[in-house]
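Student: Sequence:
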Amino acid sequence: MTTFALGRKTIINESSLEYDWIRRQVEEGTERSEIIGSILRCFGGDEEIAELFYSIALGESSPGMLLTHLSLSDWSPTPEHELLEKM
Numbered sequence: 001m002t003t004f005a006l007g008r009k010t011i012i013n014e015s016s017l018e019y020d021w022i023r024r025q026v027e028e029g030t031e032r033s034e035i036i037g038s039i040l041r042c043f044g045g046d047e048e049i050a051e052l053f054y055s056i057a058l059g060e061s062s063p064g065m066l067l068t069h070l071s072l073s074d075w076s077p078t079p080e081h082e083l084l085e086k087m
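Quick note: the sequence shown uses this note's numbering, first residue 1, plus one each step.
Please note that the accuracy of each hint is not assured.
Across the chosen pairs, the derived CB separations fall in these ranges [what the hints assert, rightly or not]: (1) Val26 with Met65: 26 to 36 Å; (2) Gly29 with Ser71: 33 to 43 Å; (3) Arg23 with Leu67: 33 to 43 Å; (4) Ser61 with Lys9: 26 to 36 Å; (5) Arg23 with Glu48: 12 to 22 Å.
No lab work stands behind these hints, which were simulated from the structure alone.
From the three backbone atoms N, C-alpha and C, an ideal C-beta is built for every residue, glycine too.
Working from the sequences, and respecting the hints, build out all of it.
Tutor: Here it is, written out as structure tokens:
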């Protein structure tokens, strides 16, 4: 598994561009499996993390569930993404 690149601030902000990107793909009719693959390529993590991220974007899950999963896997975002979030 590669490190999930998004930080806590992005994960808890359900209005973030990252979640909007997922919702836009769903609205455009993109297949779920293709979106999950895009999440993995863009943000890292594993299949379960990507599924949780997807379900949060659609309002089917809470950011807390993803944060709990990530804390159990000793996750910490990469420094460059933390810097981007502060902008």
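Student: For this structure, which hints from the list above don't hold up?
Tutor: 1, 3 and 4
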